[in-house]
Amino acid sequence: MAGYLARRLLWVVALLLAVSAITFAIFYTLPSADPAAMRAGRQPTPQLIAQVRENLGLDQPVYVQYWRYMRDLVLHFDFGFSYQSNAPVREQILDRLPATLSLTGGAVVLWLAIGLPVGVISAVRRRRWPDRLAMGLALVAISAPVYWLGLVALYLFADDIGRFPLLPGANSYEPISQDPAAWLGSLVLPWLVLAASFAAFYARLLRANLLEAMSEDYIRTARAKGLPERQVVLRHGMRAAITPIVTVVGLDVGILLGGAVLVETVFNVPGIGRLAYDAIRTADLPVIQGTVLFGAFFIVVANLVVDLAYAWIDPRVRTA
Amino acid sequence: MALLEVEGLRVRFDTEDGPLQAVDGVSLSVEAGRVLGIVGESGSGKSVTALATMGLVPGRIEGRARFEGRDLLALSPEEMRRVRGHEIAIVFQDPLSSLHPFYRVGRQLAEAVRVHQDVSRRAARARAVELLGLVGVPEPAERVDAYPHQLSGGMRQRAMIAMALANDPRLLIADEPTTALDVTVQAQILALLRRLQEERGMAIVIITHDLGVVAELADDVAVMYAGQIVERAPVERLFAAPEHPYTWGLLRSMPRLDVPRERELVPIPGRPPSLVHPPGGCRFHPRCPYVRDPHREVEPALEPVPGDEGHAVACLLDPATRRRLWREPAP
Chain C
6 MAGYLARRLL WVVALLLAVS AITFAIFYTL PSADPAAMRA GRQPTPQLIA
56 QVRENLGLDQ PVYVQYWRYM RDLVLHFDFG FSYQSNAPVR EQILDRLPAT
106 LSLTGGAVVL WLAIGLPVGV ISAVRRRRWP DRLAMGLALV AISAPVYWLG
156 LVALYLFADD IGRFPLLPGA NSYEPISQDP AAWLGSLVLP WLVLAASFAA
206 FYARLLRANL LEAMSEDYIR TARAKGLPER QVVLRHGMRA AITPIVTVVG
256 LDVGILLGGA VLVETVFNVP GIGRLAYDAI RTADLPVIQG TVLFGAFFIV
306 VANLVVDLAY AWIDPRVRTA
Chain W
776 MALLEVEGLR VRFDTEDGPL QAVDGVSLSV EAGRVLGIVG ESGSGKSVTA
826 LATMGLVPGR IEGRARFEGR DLLALSPEEM RRVRGHEIAI VFQDPLSSLH
876 PFYRVGRQLA EAVRVHQDVS RRAARARAVE LLGLVGVPEP AERVDAYPHQ
926 LSGGMRQRAM IAMALANDPR LLIADEPTTA LDVTVQAQIL ALLRRLQEER
976 GMAIVIITHD LGVVAELADD VAVMYAGQIV ERAPVERLFA APEHPYTWGL
1026 LRSMPRLDVP RERELVPIPG RPPSLVHPPG GCRFHPRCPY VRDPHREVEP
1076 ALEPVPGDEG HAVACLLDPA TRRRLWREPA P
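Chains as they are written, first to last, in the numbering used here: chain C, 6 to 325; chain W, 776 to 1106.
One or more of the hints may lead you astray.
The calculated label-pair distances, taken between Cβ atoms and stated as ranges, are [to be verified]: (1) W:807 - C:252: 46 to 54 Å; (2) C:253 - W:788: 30 to 38 Å; (3) C:213 - W:893: 58 to 66 Å; (4) W:1049 - C:157: 32 to 40 Å; (5) W:943 - C:138: 45 to 53 Å; (6) C:149 - W:957: 53 to 61 Å; (7) C:185 - W:852: 42 to 50 Å; (8) W:837 - C:233: 25 to 33 Å; (9) W:924 - C:216: 54 to 62 Å; (10) C:312 - W:783: 39 to 47 Å.
To list a few chain C residues with every Cβ distance to chain W over 10 Å, as calculated [as the list claims (entries may be wrong)]: (11) 154; (12) 226; (13) 230.
Read the hints as simulated data drawn from the structure, not as lab findings.
Glycine included, C-beta positions come from ideal geometry on N, C-alpha and C.
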């Protein structure tokens, strides 16, 4: 087990190295704005741009830049400074983390609370109207692009521009430490919008898993024992059907912790996704690099956690 | 009064090809403390017959199944649930897929106990250990914490049997209980079933395609073909004086130690008929070597064999002809 864990952690490091190198390579290969020009102000002289370029180290060959970046990162856990604001990238990301955590955490709770019961009901009432209705709605929720859903939600319910001004709209985010009530209110719409497609996907996934599980021989055994149908479904069917869901939850949470770019942007929630979006617009390489690495880190860690959790959930994996 | 008395049982499934009559007018009875074997090929309706009496098959079910006088088919789902696993229990074919892979064996056993008995978790667990010991699982106190995949096939089937015994049922249905097991283990499981039956005076319905299993365990035999019973007899009579050409086919296709080795095994030609479009007349007629023209039109009824008590057959050949044909070598 310790050996396995050590091997996996080495892989995490290797993967993050590869991700950072690829991010660097993409940034310098694809056309993008010149960071030095953007930094130098509105009407910069060529000399000024050259000066900025030298200050930022952009005049050096790419591999030297990469080497310096990695050296600082590995030795000092230093992600460098933003080209735009000069602020240290690590602090910027950590400042943004609570917003992303709030958004992701709430959305996960919401989509599980909606998706799982709907999935169970759909499976149990298969091909009858509750199932048809739920699966029809799920198809819509999965198909709707999340930014469009976000804009519709704002148009309908935001308290500034909405037709039915019920909830705080964009720009209303408050940290939980400042004002918990405002924090909660500001996140309701983003949570709903982010959770919608996930809830739909989970409902469909659980329905399919549960239907498959319910056709297994051990379900017939559970019925033959005289268990009430409710326990047959919830204890025997769900136990098997939920296992793949745990995997997907882990991965989805990992991805979202790297920044729910679209939802954060539409609602202007100051999270990591919004930071990444702004950094890309301004060719701010250190911030792009930092947010990408952060996102990649969450994803590989989520993968690791999921694999470990699997052994805990499925006894057959444990002893294999 | 018989423990279980099935009368005119019909089970129909709706399939894409049309309604499928899996069981078509089956009547049988199981006496308390006796063993009934139901024999037939795959798809003959033998499992569906047993599962239907327990309310474990979907589909349209007609007829009566009186268990100690109560018609099981007329019970509400809740009443039926209280019968299942309590008064009638069942052991399935493949113990690996029939046990839940994610729960420990002991937990699954304890669950079976607690469904029908108001006992503490601790008591149910103690009962689980006791049951495992009863069915011959070595070191039951340790095995109770094993997951199904950690047990051998034979041990798993013993665990399934233990689970079926959890509430001292009066009737045990064993649906091909040895089919998925190694031959040496098969003998052990049959011996176990016989021992339990004798010790507890429990009735058993054993469903099998294997006449050897029937010879080993059953007191009475019902032979099923295409959803119907074609012959019914005490076990000695079935082996000594079988009446139905299909039963002859089954016997001739089975290797036997009491017959010279030179005698060849004779397979039954053809395949079982479709139950969506069953053949008219006697259902066995397309495969029967002794078919006469009227057999294609007239449906035989299950009738007593003259001079042989407890023996009934559904065959249109007259008794004297049947006796002569059975003594002749296979055509």
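Here's how the hints hold up against the structure:
no.: 1; hint: W:807 - C:252: 46 to 54 Å; verdict: 51 Å, holds
no.: 2; hint: C:253 - W:788: 30 to 38 Å; verdict: 35 Å, holds
no.: 3; hint: C:213 - W:893: 58 to 66 Å; verdict: 37 Å, violated
no.: 4; hint: W:1049 - C:157: 32 to 40 Å; verdict: 55 Å, violated
no.: 5; hint: W:943 - C:138: 45 to 53 Å; verdict: 46 Å, holds
no.: 6; hint: C:149 - W:957: 53 to 61 Å; verdict: 56 Å, holds
no.: 7; hint: C:185 - W:852: 42 to 50 Å; verdict: 48 Å, holds
no.: 8; hint: W:837 - C:233: 25 to 33 Å; verdict: 26 Å, holds
no.: 9; hint: W:924 - C:216: 54 to 62 Å; verdict: 24 Å, violated
no.: 10; hint: C:312 - W:783: 39 to 47 Å; verdict: 57 Å, violated
no.: 11; hint: 154; verdict: 37 Å, holds
no.: 12; hint: 226; verdict: 5 Å, violated
no.: 13; hint: 230; verdict: 4 Å, violated
Going down the numbered hints, you'll see the structure goes against 3, 4, 9, 10, 12 and 13, while the others check out.
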